[in-house]
Amino acid sequence: MKKNPLSLQLDTSDFLPATPEEKKELIVMRESTTFWKDAFRRFRENKIAMAAFVVIILIMICAFVVPNFYPYRYDQQIRGSEDLFPMQYSDMELKSIGKGISVFPHFFGTDAFGRDIAARTMIGARISLLVGIIATALVLVIGSIYGAISGYFGGKVDMIMMRIVDMIYSIPDMLIIILLQVALKEPLTNLFNTNPAFANLQSLGVGLISIFITFSLLYWVNMARIVRGEIMSLKEQEFVMSARALGAADRRIILRHLLPNCIGILVVTATLQIPSAIFTEATLSFLGMGVSVPMSSLGSLCNDALEGIYSYSYRLIVPAVVISLIILSFNLVGDGLRDAFDPKMRN
Amino acid sequence: MGSFPVRDGDRKGTGAKQNLTNEKLLEETTEGVDGVTSYVVKRVGYALLTIFLISIITFFVMNLIPGGPFLSEKNMAPNIVAALKAKYGLDKPLWQQYLNYMGNFLQGDLGVSLKQLGRSANDIILSEFPVSAKVGGLAILFAMILGVFMGSVAALNHGKAADHILMVISTIGIAVPSFVVASVLMVIFGVNLKILPTIGLKTPVSYILPVASLAFYPMAYITRLMRSSMLDALNQDYIRTATAKGVSRFSLLFKHAMRNAIIPVITYVGPLLAYTVTGSFVVETIFNIPGLGREFIKCIMSRDYPLVMSTTIFLAIILVLMNVVVDILYKVIDPRIKLK
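Protein chains in written order, with this note's numbering: chain A, 2 to 348; chain B, -4 to 335.
Hints in this document: simulated from the structure, not taken from any laboratory.
Treat the numbers as computed from the prediction; the structure is a model and nothing was measured.
Among the hints, erroneous ones may be present.
To be verified - Chain A side only, calculated, beta carbon under 7 Å to chain B, not exhaustive:
| hint | residue |
| --- | --- |
| 1 | Thr13 |
| 2 | Leu176 |
| 3 | Ser312 |
| 4 | Ser314 |
Unchecked claim - SDA-like, lysine to any residue: derived pairs with alpha carbons at most 25 Å apart:
| hint | chain 1 | residue 1 | chain 2 | residue 2 |
| --- | --- | --- | --- | --- |
| 5 | B | Lys293 | B | Glu123 |
| 6 | B | Lys155 | B | Ala237 |
| 7 | A | Lys186 | B | Leu48 |
| 8 | A | Lys186 | B | Val56 |
| 9 | B | Lys197 | B | Ile120 |
| 10 | A | Lys186 | A | Ile134 |
| 11 | B | Lys155 | B | Leu229 |
| 12 | A | Lys157 | B | Val36 |
| 13 | B | Lys326 | A | Ile227 |
| 14 | B | Lys250 | B | Asn283 |
| 15 | B | Lys326 | A | Ile165 |
| 16 | A | Lys48 | B | Asp158 |
| 17 | B | Lys293 | A | Ile310 |
| 18 | B | Lys326 | B | Gly40 |
| 19 | A | Lys236 | A | Ile254 |
| 20 | B | Lys155 | B | Thr166 |
| 21 | B | Lys37 | B | Phe309 |
| 22 | A | Lys48 | B | His159 |
| 23 | B | Lys37 | A | Ile310 |
| 24 | B | Lys197 | A | Ile310 |
| 25 | A | Lys186 | B | Asn58 |
| 26 | B | Lys197 | A | Leu307 |
| 27 | A | Lys48 | B | Lys155 |
| 28 | B | Lys326 | A | Ile161 |
| 29 | B | Lys293 | A | Leu181 |
| 30 | B | Lys326 | A | Met162 |
| 31 | A | Lys186 | B | Phe54 |
| 32 | B | Lys326 | A | Met160 |
| 33 | A | Lys48 | A | Ile62 |
| 34 | B | Lys155 | A | Leu329 |
| 35 | B | Lys155 | A | Ile310 |
To be verified - Just so you have them, the derived chain A footprint on chain B, three or more residues with Cβ under 8 Å:
| hint | stretch |
| --- | --- |
| 36 | 167 to 174 |
| 37 | 306 to 314 |
Note that CB positions come from ideal geometry on N, CA and C, so glycine has one too.
If we strip away everything but chain B, and leave its shape as in the complex, we get (with noise of 0.2 Å):
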């Protein structure tokens, strides 16, 4: 589906901008004069709708999970489990659980770790999260730098080799799974060339392999896209009139043409980053990087309730944040949405 990497856009770059054009376009028409501000309600309304909804079904989820958390240790007397429930108030009833957990979620306290005794599950994210976001961040810079720029120079050389030779790779890469990427470059650069580190992050150098295994992806879905979009607006008829007033390449290209080029791009932030957040999964698993999305997978298999709703919860509202800041800002950036 969808949020997930390949949530595939139309090649030519309609279908994504024509999915959000229609619904926008569908709201727009009904809305007054202050369209923006109520827009930006509206979205902020339902991204607090989906953390609500998402936060009851990671809880129920959770409770789903027979056995609890004390079941996988060495087998306790029943009353030293009833005491351990009662500490951690896991013998109330579930929808009381539930309200007493974001009770204090709404006032910054996340709880408590169950197994990582003595760390609050606030300590855990704010410590991990900084490592994630780093190399999140960096893969994200780099796929839209270089994909902007590898789309362009794509559709400057339509049809000649430099576009063909990057429509391969570009295709190549949108169907090549991270994993694979992560685990070929680690055996070409880590085993068998040796010059770059493969665990942890202790020098800058070892941020290069896990931040390029993260933004190969990206960095190709958005060099078909700014292709494609970019093919697309250099056939425009004001493209031809600049050339006719007699406007340089250079300023044709990145003030003219890129600003309605660039559109789609800023579509795709949103998946981009939940893309991002899940691929972290894999790479921060396989290079061994203390971050949120290695704790994820841990506190699920070892079923450590309070850090799975705190994980689940924070990077939950990350998503649907940035979501509705990217609506926004699309909505900004686009003149012919913003006008009735």
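Pulled out of the complex, with its shape left as it was, chain A reads as follows (with noise of 0.2 Å):
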């Protein structure tokens, strides 16, 4: 029977009890789910920072253990192969192709003394990641450490505390380190040639050495700032009240149970110290400042390529595209942490 539209009369089957199929549509709730697994799903979706993820791993990769099973070392000079372009092989190699040995492509040349690029610029690569992940742990625990006690105890600790973070801040840190870079050089070199307890640090360079320590005395101000002000909004917080009245030590607190909810903001800017940890160490290598010969930095790869940069370019590109990857991935993937950690993006 057509039901007339304007009729006021009501469909009596409207009314019967709703079966369970129906009941649990209309249930709206999301599944529950924990802080670390919303985040890192949110962190999932956002597909720039996946892809990001995926090239800073598959450069690791290649840092860390192609070098280990390249043919080619990185300070393995190979007479009469030098100059070549990318994928070009020498006289030598090809009559040895030509005896059915058989020659690894040198997939980006070699420079003037006949080192291969290829494998030169994942050592490069190696050396930038390693100081921008050593430079951020030791910045992290240092400055983490420094904002807690500052934002823990407040007051007139805080005050002298932040008093001293505002004028480290101020300092140039760009001069202060070219200078500890040139003024530590002799001090380290000896204390390499006497000590042989440091022998491995002996083939990173003081350049590198002396990043370090000024990495460590300078560059935790930020991450210090950042924490202390994580640490004065959670202490008023019931958990830490509860926490001291059953008498637990300021230290117990800070290290139990403060920190350990700052995690989220501590992983941001670590992540995103990392880049600028390696921007610096790339532009002190390529002044000259960073690792020494015959260890290459990314950095100090670009250097040596400027100076047969009209003949050669390939062997400034190379290294330039790796080092912008490296830096443009790690904040790429520091921006969408930032962004999955925090509560007012979500949707």
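Can you join these two chains into the complex? Each is in its own frame, and there are hints to help.
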């Protein structure tokens, strides 16, 4: 029977009790999830950040794993194969191929000393990543402890500590880094020569060690400020009050209760600090103050390439692209993490 | 860290603003009616203290280097070395050398270069600083103008193609180190296309490459900063009121929204100046520009003590002073902070 649309007569079948399937459809609640699961799910949905993350993993594999299997070493000078273009074979190598010996191609060519550029770039990426990660780890530890102490105790302690931070913040860091680099070179060389325990540190070169020292002296201030802000907002919460009422020592409260709650912001800040460290190291290596020959860093590779830039531009393009990729990927991952952890961006 | 380029500002711009605002608000609440004056006094005081600290650090670091300035040259008889040291006052105890130096400094005498005989540090600094200042100043100007412009365009076209393109360019721009930009630009324009000179600063055209390399990173950073702060400003209620009142779109953007949106950019000027100084080291080395940055690197390598001291303190004074000026300016411009 056709129902007249203007009629006010009710349809009684609408008033029958609902079936269980219909009841389920009405529930609009999401399934329960923890903070971490939610954050990582949001991170995974961010395609750009995921792509950048994959790029970082690939670069790390190339930097740490591949050089061990690669047929060429970074400091191996092959006579007769100097100044090759990418994928070009030298006369000696062509003769070997003619005889039937397989020669691994130089994907990015060789430099003026016959060293394979692909191998040097991979080692350079390894150095840059190491510097970034270790420097950031140092900054993380020093900065978070300093900021936690300053934020937790407040008052006079906080004021003095923040004044010190302000002063270190306003010191032009590059100036001091360069000064310290040059100043520490000879004392460190003497130290390495006299003390055999530092043997493998010596291969890194005094330049890099100086970079680590100066980073830990100057670069923790940003982290300290951020951690202090977080701690100051966290310490008013009830769990701190109850911990104190139960008689917990200050140190325990900071280490076991407050800092673990800051992990989100610590991770984000650390991830964004890594490209900053790599940036600085690359610039210093470019100026000639980073790694020492023959070890290569991406910055020093660019510096070497400048001399032959008219004829061999590829020597500059390869390390430049690699270092830009590293910095870009870390920035994108850091941005993605920050968005994932930020409760205001939840939809 | 910090003052260095990738002191990352929050994408929403609230990071940099928040740090500053919280600190300043903390100070504001404990000050009296003439808060601005006492703030200025306090900031200048801290600036002087910082400069003093830097001078001490520089002095003692330079003296940590064993060997001294005369050791790298051909082997000299010890009595000649002693005579040279006496002449330059290097045989006195460290603290006395320091006091002598600072005393002279305050009277305007910055010492004599040990390696470039006959030239005083004053000469060197005064002849090379204007060069660096020109390149740096132009870079800052272009970075700010272009950055603000592109950031506003991106904010106005939020979500559309222009926004996406500008964001991609600026994200890449903050990731690429300045020496990479400089080298790539040099390869493209100097080597392959051969249309721009790459060495020195003789003609006005030769300014293009160095200024462009130096301005690339800040321009990208300011674009992102401006875009996010402009988006924040455009979403505010007062913009809606103004649109309802019938204010023209142009006036809306440049009078109402811009004033608030530009505040984080002004906050960035301090780190921007620090970046320009350090960026000048790289750019001047690559393009062979006779500026203070290149001089600084050279004199550190050759351990020219007085020149290193003077250059470091000079650069530090410039940076710290500029930061103080920017902080004061920021306080004056943002009325929320001036009033209690």
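Hints, verified against the model:
1. Thr13: violated (49 Å)
2. Leu176: holds (6 Å)
3. Ser312: violated (9 Å)
4. Ser314: holds (5 Å)
5. B/Lys293 - B/Glu123: holds (13 Å)
6. B/Lys155 - B/Ala237: Holds, at about 24 Å.
7. A/Lys186 - B/Leu48: holds (23 Å)
8. A/Lys186 - B/Val56: It holds: about 12 Å lies between the C-alpha atoms, which stays within 25 Å.
9. B/Lys197 - B/Ile120: OK: lysine 197 of chain B and isoleucine 120 of chain B at ~20 Å, within 25 Å.
10. A/Lys186 - A/Ile134: holds (22 Å)
11. B/Lys155 - B/Leu229: holds (16 Å)
12. A/Lys157 - B/Val36: holds (21 Å)
13. B/Lys326 - A/Ile227: holds (22 Å)
14. B/Lys250 - B/Asn283: violated (43 Å)
15. B/Lys326 - A/Ile165: holds (22 Å)
16. A/Lys48 - B/Asp158: The hint holds at about 18 Å.
17. B/Lys293 - A/Ile310: With a Cα-Cα distance of about 23 Å, the restraint between lysine 293 of chain B and isoleucine 310 of chain A holds, given a limit of 25 Å.
18. B/Lys326 - B/Gly40: Measuring from Cα to Cα gives roughly 17 Å; hence the hint holds.
19. A/Lys236 - A/Ile254: holds (10 Å)
20. B/Lys155 - B/Thr166: holds (17 Å)
21. B/Lys37 - B/Phe309: It holds: about 22 Å lies between the C-alpha atoms, which stays within 25 Å.
22. A/Lys48 - B/His159: Holds. Lysine 48 of chain A to histidine 159 of chain B sits at ~15 Å (cutoff 25 Å).
23. B/Lys37 - A/Ile310: Judged against 25 Å, a Cα distance of about 51 Å means the pair is violated.
24. B/Lys197 - A/Ile310: holds (22 Å)
25. A/Lys186 - B/Asn58: holds (13 Å)
26. B/Lys197 - A/Leu307: holds (22 Å)
27. A/Lys48 - B/Lys155: holds (19 Å)
28. B/Lys326 - A/Ile161: Judged against 25 Å, a Cα distance of about 23 Å means the pair holds.
29. B/Lys293 - A/Leu181: holds (15 Å)
30. B/Lys326 - A/Met162: Holds. Lysine 326 of chain B to methionine 162 of chain A sits at ~23 Å (cutoff 25 Å).
31. A/Lys186 - B/Phe54: OK: lysine 186 of chain A and phenylalanine 54 of chain B at ~17 Å, within 25 Å.
32. B/Lys326 - A/Met160: Satisfied, since the Cα-Cα distance of roughly 21 Å is no more than 25 Å.
33. A/Lys48 - A/Ile62: holds (21 Å)
34. B/Lys155 - A/Leu329: holds (23 Å)
35. B/Lys155 - A/Ile310: violated (39 Å)
36. 167 to 174: It holds: at least three residues are needed, and the stretch 167 to 174 of chain B offers 7 whose Cβ sits within less than 8 Å of chain A.
37. 306 to 314: holds (count 4)
When each numbered hint is compared with the structure, violations occur for hints 1, 3, 14, 23, 35.
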